[in-house]
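Enquirer: Residue numbers (this note's numbering), protein chains in the order written: chain S, 1 to 268; chain P, 269 to 536; chain V, 537 to 804.
I should point out that these hints are in silico values taken from the structure, not numbers from a laboratory. Certain hints may be false.
DSBU-like cross-link-like pairs, simulated, lysine-lysine; straight-line CA separation at most 30 angstroms [said to hold, decoys possible]:
1. S/K3 / P/K271
2. V/K539 / S/K3
3. V/K539 / P/K271
Treat the numbers as computed from the prediction; the structure is a model and nothing was measured.
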Amino acid sequence: MAKQRIVTLLTDFGRSGPYVAEMTGVIMSITPGATVVDITHDIPPGDILAGAFVLRQAFGYFPPDTVHCVVVDPTVGTDRRIMAARYAGQTIVFPDNGVIGLVERDYPLEQIVAIRNEQYFLESTTSATFHGRDIIAPVAAYLSGGLPMDRLGPAPGKFKLLDIPEPAEEPDGLIRGQIIYVDHFGNLISDVSAQLLHQVWGEPVGVVVFCAGNNIGVLKATYAFAAPGAPLSLINSMSLVEVAVNGGRACDILDAGVGAEVRLVRSR
Amino acid sequence: MAKQRIVTLLTDFGRSGPYVAEMTGVIMSITPGATVVDITHDIPPGDILAGAFVLRQAFGYFPPDTVHCVVVDPTVGTDRRIMAARYAGQTIVFPDNGVIGLVERDYPLEQIVAIRNEQYFLESTTSATFHGRDIIAPVAAYLSGGLPMDRLGPAPGKFKLLDIPEPAEEPDGLIRGQIIYVDHFGNLISDVSAQLLHQVWGEPVGVVVFCAGNNIGVLKATYAFAAPGAPLSLINSMSLVEVAVNGGRACDILDAGVGAEVRLVRSR
Amino acid sequence: MAKQRIVTLLTDFGRSGPYVAEMTGVIMSITPGATVVDITHDIPPGDILAGAFVLRQAFGYFPPDTVHCVVVDPTVGTDRRIMAARYAGQTIVFPDNGVIGLVERDYPLEQIVAIRNEQYFLESTTSATFHGRDIIAPVAAYLSGGLPMDRLGPAPGKFKLLDIPEPAEEPDGLIRGQIIYVDHFGNLISDVSAQLLHQVWGEPVGVVVFCAGNNIGVLKATYAFAAPGAPLSLINSMSLVEVAVNGGRACDILDAGVGAEVRLVRSR
């Protein structure tokens, strides 16, 4: 079988206009046979943290050599750079604005370059540039087709990460993190991972969760362990501590959202 | 040409988060070369009847050996089973909650199993399980790749169907059904099929339709046969009796929705 | 590598129902191995100008021999024709209602036929016909598979274009056009192209833009050249004159939308 060339798109463009199709057409024109997969185009406009979250979460399930295009780019038109980075055998092309921040926390970086070589850009006769279509899509297509990353530009001295702290054990023995995403069902998803809990406490028995000032009680195994309408917390399918309401929308019932503090205490 | 391996997704996840991409990535990782098709991800959360309707309607247009993943699953986390069934040469993987009900009415069942063999599940290190990603998607991918269905588990004694009655001729000579779907244009689609009309009455001439207490008049051939703004009924492109308003939204104008009674009377 | 067969879909169906999947399944059944790409399904219902705009804009980025299906069709059920046309090496199948109008302005027409040959339609046993699924999708699939266009029907005497005037230089030395699209970010996109400006004035220096009675000032190079919250105009990534607000929604701030007049004056 011919090699599978997968290129994904993750943007804040919505799906009503031509922008997504323009990127898709560019990729298919440069790399015939490429499979273009829409991760989502419904990131709230300019919401870097939401883009970082969905990217990190979807990333782990794609096959080796997948190339991901990320266009959540509120500073387009400034001189922010566009980067290509390889983590754990997959490649991401993205604006240097922190959107790579959550992948960077959880996967090993293998290579990163600041993209400069205009030979791989789309020729554009227009004054304004649509970087998603004119730089990110064609570069991703060439990478998917086998272009070595170092042809794109030099390694950067450093690159931008998220400006929120990593969750960690605090001197007072708590683990402190925050809500970083609210999903379609209103669940509040934090940046505290099962892995961190295990590092700090081994098996997380008797761990009590507080969110936005509310005592959510002991970490549960599944949604069904709380009464209907009652909040609960669990380690979700992303291996992250999540605050949910059995049959309801936790974000509304707890009046909490992205940025809300999450504290975990071991009650022994 | 290599065999075409098509896997479709039909869920209530929406398109803003990572869940759809996670399933897509799992399928492409297990069965390289699979083509993943989104049927829809906009089923109202937990609406089993809407999921059953869209599945039944899209099903008939896909090629033989297509595998469909259905994740409309309000009882995830309970012990409801996950099934794989083969109807008319295509395969469906779905939760045992009735969502198969409308396909079951119209297509011949060839084989069905209750999925138990964890060898084909995604390895998950998390406490909570996302059955769409961890069971339904990988099982569908293996089936698309040629896995015989009986490797997944035993035939079930029985399985769940919809809890609404099938439309039928009543002792008083009426045909009685109900509205089962309201489409994007506000059209009210019933479960009364052209096939049933033909069985009962032969050519459906002079058939008068009542919906939610309104006399809609005689079945028409197309939308253009009613005055603008007036309700009409016709046999739609799905071979189902539909109540529409020429140039308007029937659901609003008739104040009717899913569950509304539909009665058909032959007026000769 | 096997030849890539790309068929795109551009409709006003939304994504919640079965209609898009029905068309996709039909195409994949007729032409195995075809890649179906969703341009968008979120054209406002029946909005021919919006469909024409998104089609024209996406069109230019797809590879040769791509076949595009356009189903924005408020007059379905009347006797309007369905056409297939070849422009610049790609093919479009569309209802004869003007939706081809903006492609026609900018790309050379190579061949056009009025589709009549029912041999390439989907067999339908229903009284009502879903032309997108029963005619446009199968014809597009056959064309993608290599069917010569003249097998579909005869060349039409003429076909419908948009009923808005083309932008042009007026006797008073102005260029007059109009807003034809409002994008996801609220930007007002006109039909005045960079190409027209160059034809009339050479390098467009000192060109002042008026939109819906507002003086927007001199054409700028990028969004960042206006103060936050202030309107500006530029030649956008589509090579069209666009009126935007730095960090805001121009359509709301200027209370303008599709149809608003755009005038350009050279201030020398």
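Enquirer: Each hint should be assessed against the structure and marked as holding or not.
Expert: Against the structure, the hints come out as follows:
1. S/K3 / P/K271: Within the cut-off at roughly 15 angstroms; holds.
2. V/K539 / S/K3: Distance ~15 angstroms between V/K539 and S/K3 Cα, so the pair holds.
3. V/K539 / P/K271: holds, 15 angstroms
The structure meets every hint from the earlier list without exception.
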